[in-house]
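Enquirer: Chains as they are written, first to last, in numbering that gives the first Met the number 0: chain G, 0 to 98; chain U, 0 to 774.
These are computed hints drawn from the structure, not numbers from a lab.
By construction, the Cβ of each residue, glycine as well, lies at the ideal position given by its N, Cα and C atoms.
Worth double-checking, as some hints may not be accurate.
To be clear about the criterion: a stretch of chain G counts as covered by chain U if any three or more of its residues have a C-beta under 8 angstroms from a C-beta of chain U, and this derived list gives those stretches [to be verified]:
id, region
1, 4-14
2, 19-32
3, 63-69
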Amino acid sequence: MNWRELISTNIITHLGLHNIEEKKRLQLLAEIADLLQKQIMVRLIEFLSDEEIREFFHLLEHNEDKELSKFLDEKVPNLEEIVYQEVGKLKQDMAAVLS
Amino acid sequence: MNERLIINKPKQGEQLPVLTTEQIKELSAVLNAMFILLQKKMLVVYGPNSKEVKSLETLSDALLARNFETVNDLELQYKFVRSLMSSEARNGLDLQYKLLKNPTKSLTDEDLALQNKLVEVLQHSGSEAFSFFVKHFLAEGKNNDRERLGTYVEAHKAPEVVIPEFEVFNVTDESKTEAGSFELKTDVDYQVKSEDKVLVEEGAVILPTIPPEILLKNEQLKYENQLTALREGLLEKQTKLAHFGTLKTLFKKKEKQALEAAIKADQEKIEKLQQEKLIQGIHSFCAGRSVALENRVKQQQEEEQKHFAGKLYAFYEKYFMKKVLPEKMREKLEKQGFLGRLLANGCTMNAALSLSLFGGGLAIGGASIVGAGILSGRRLLSGAASGVGSYNIMKLGSDAWAKSHGWNKELTDAELDNLSADNLINYLAHYEARVALNGQTVNGDAYYRKMTKTLEAKIGQARVERKFDDKAWSEYVLKQERLLDETLQAALAQKVKEKFRLKYYATAVGVFVGSGMLQKTLGYLFSDKTPNAPATHAPTDGTLLAEQTTNAPDVLPTFEETMDLSSETSVDYSLIPELAEQPTQAGEILVADQSLAPVEEVLTPVTERTAEMLKESFVQNHPLIEKVGGAVEIVNGKTQVVFDISVGGDFELKQQALRRVMMDVFPIQEVLDKDGLSALDIGRIESNVATFTKLLEGKSFHGFNPDVLKDVMHFEGKQLIITDYEKLAKLSEQVLAESKNWVPDMSSGFVRVGQNTGNHLWESMLNAKMANIKT
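Whenever a hint applies, use it, and build me the whole structure from the sequences.
Expert: Next up, the structure:
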């Protein structure tokens with residue numbers, strides 16, 4: 000499976016979750032989505048300087064959403080790429096361990 | 000494996016090795032494994048019902064092999080192993096057994112022949128498992144004699160040979176982790192060998208706790224071992240079942256039924272265990288990764304002096320709940336069916352990422368699954384988007400959501416037709432989410448295709464109706480103007496004073512207030528007093544009659560304007576000069592001129608109609624109010640809303656009514672902004688509810704005096720009466736502006752109050768509020 004296929008695949012089929020009862024399946028998906036968020040946040044932390052992290056935190060804490068959006072556009076122009084990578088990596092790693 | 004054991008045949012008179020108990024057990028276990036493998040292969044090749052399989056004499060013996068390892072009795076073990084072998088090899092084993100029982104026995108020629116036969120069997124078995132056995136049984140046996148038994152030749156070094164370079168790490172042994180040396184860098188560093196044993200590279204650095212990924216692999220292995228046992232059991236039963244021919248079935252029907260039931264039970268157990276394994280695996284994976292990520296953040300802080308890294312990491316959830324999706328991602332999302340399109344209107348990072356897990360949204364920039372033509376109806380879609388509520392895809396696609404909307408079944412053509420375009424779009428989005436949650440796709444889904452066609456037809460129809468509505472509305476307005484004109488002419492004919500006439504005219508014209516027509520109409524009526532009055536329509540002779548002749552259709556508002564909520568909530572009656580400048584005087588005139596009955600009689604029907612239209616307009620633009628039981632009436636041109644607090648007017652019910660009102664008057668712009676109806680917004684609404692509750696109790700609160708509620712809102716008996724809804728909306732805006740001081744951020748207690756109220760309630764209120772809003 001190439002990278003594009005991996006990203007485009009549905010995690011339900013990828014991990015074989017479709018037979019699990021819906022309530023449980025939703026919980027698992029929420030758990031996975033939460034982990035994905037953490038992974039992306041860590042990548043952002045690693046990407047940004049201390050000063051930039053401080054600014055990110057400030058904007059988040061004070062709900063300055065417009066500024067936050069602008070800040071990320073400027074400081075993390077490759078955010079989309081980071082998201083792709085983490086989505087693909089998560090799917091790949093989980094399948095490798097759980098298959 | 001290219002291992003081969005070369006065994007030199009023993010010469011006459013030479014002493015042969017004697018099998019130990021362990022060796023016999025080992026031999027039987029290997030033979031057992033061989034037979035299971037052989038059986039599986041045969042079933043694959045011939046199928047479970049083939050005659051070839053049935054004819055195999057040893058098959059039933061092989062099936063018994065599974066139980067062998069649990070038998071401790073040496074003789075039974077010996078007999079069992081014996082049953083698995085060819086007659087000659089069996090004799091060879093008999094000899095070995097005799098030697099075991101009586102080590103002093105010397106070999107005869109016959110013994111030697113049997114021994115040679117056994118060696119031959121061992122030499123030519125060829126399977127990997129058998130080679131493994133041979134190596135250990137003969138080369139590593141207790142009575143090993145390499146020179147006499149042969150030489151072990153390795154073509155390739157097997158993984159097991161690497162063992163000495165690793166240290167066996169017992170995952171359940173905590174002391175080992177403290178004292179030993181281990182580090183989880185990559186998969187190269189360790190190998191999971193059994194449920195509780197790991198081979199660890201020598202010299203690695205130890206971590207304070209057992210690495211979660213190792214625990215996960217061990218857990219998975221444990222499940223896998225259980226599954227293997229279950230699968231083997233199932234295979235045995237299936238093979239037994241395969242032996243049931245017509246005759247056997249006839250005589251042993253119950254046995255066959257019991258076997259079938261047992262097979263079904265086994266299959267269910269396997270299915271359940273597989274799911275458990277997966278669920279446990281995901282839990283462990285996520286937990287383990289989270290620990291590793293936290294460590295990464297700590298490391299970043301220490302090594303690169305990123306002081307705020309930990310704080311920011313702790314706030315990760317807040318970031319992903321923000322609607323700060325980069326434009327590039329939003330554009331991609333827009334192309335992903337109705338779900339993506341709706342999400343793109345106001346999507347949190349969290350929702351977008353959830354969609355990406357299903358292989359959609361951010362991840363793909365490809366073609367949409369539905370025609371671009373349908374998705375291009377931005378206005379329709381943005382209106383419908385509000386119905387998605389929190390944009391939580393998992394919730395949107397859930398069974399619970401389907402049930403709550405009556406969508407847990409396929410809708411009939413008639414039911415689909417009865418859905419409004421907005422509801423159908425929401426249904427399509429729900430359906431896409433549901434299909435994704437089940438690991439499927441709507442591509443090629445006939446039902447989905449049918450729904451999109453129905454929607455296409457509806458959108459086409461809606462466009463036509465919208466044009467028609469514009470026209471009908473224009474005609475209706477003109478008709479009302481003509482009616483007014485005629486009425487006023489009649490009034491003039493009866494020599495009614497101009498002021499009085501204007502008062503009534505102004506009251507009657509209130510019909511246009513809620514519709515956005517007011518300003519235009521006033522332009523006609525009072526062009527010399529209103530800044531927006533069109534110059535070309537200036538009065539020619541100072542009479543209203545002359546103004547009414549203006550050709551209105553050219554300047555009629557668009558449909559969008561007539562539906563604009565903001566135009567209604569920003570109604571300013573001061574634009575009607577007589578009401579604004581001399582309200583009491585007008586009232587006095589009314590009393591003083593009661594004798595002018597004919598004029599009232601003429602005007603009353605018009606006023607009633609206008610009140611009815613105002614009410615209609617209000618209800619249409621404030622669906623939430625009527626939905627939650629508010630009785631709407633137009634009294635003296637003002638919108639009055641009454642809530643019946645039936646259960647004694649207790650605090651909770653008052654608050655519930657107020658909460659709905661505050662939600663209704665909450666500025667639409669705040670809902671449509673980037674973060675939608677955020678937790679902070681809800682906190683501010685709760686702050687407003689508290690302020691108005693206190694003011695209604697006659698207490699000052701948040702800097703407001705209870706007097707501000709005069710002529711706006713009060714309690715009367717068991718009723719909450721809003722006497723002037725427009726005024727309340729304005730007052731609420733002021734209170735809301737002030738609430739920013741009391742609810743500055745997420746730490747405010749009002750935010751917590753809002754969260755306690757429950758998302759479902761806010762979503763339900765938001766949906767009701769947005770039901771008729773077009774953006």
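Enquirer: Please flag the earlier hints that this structure goes against, numbers listed from lowest up.
Expert: Violated: none.
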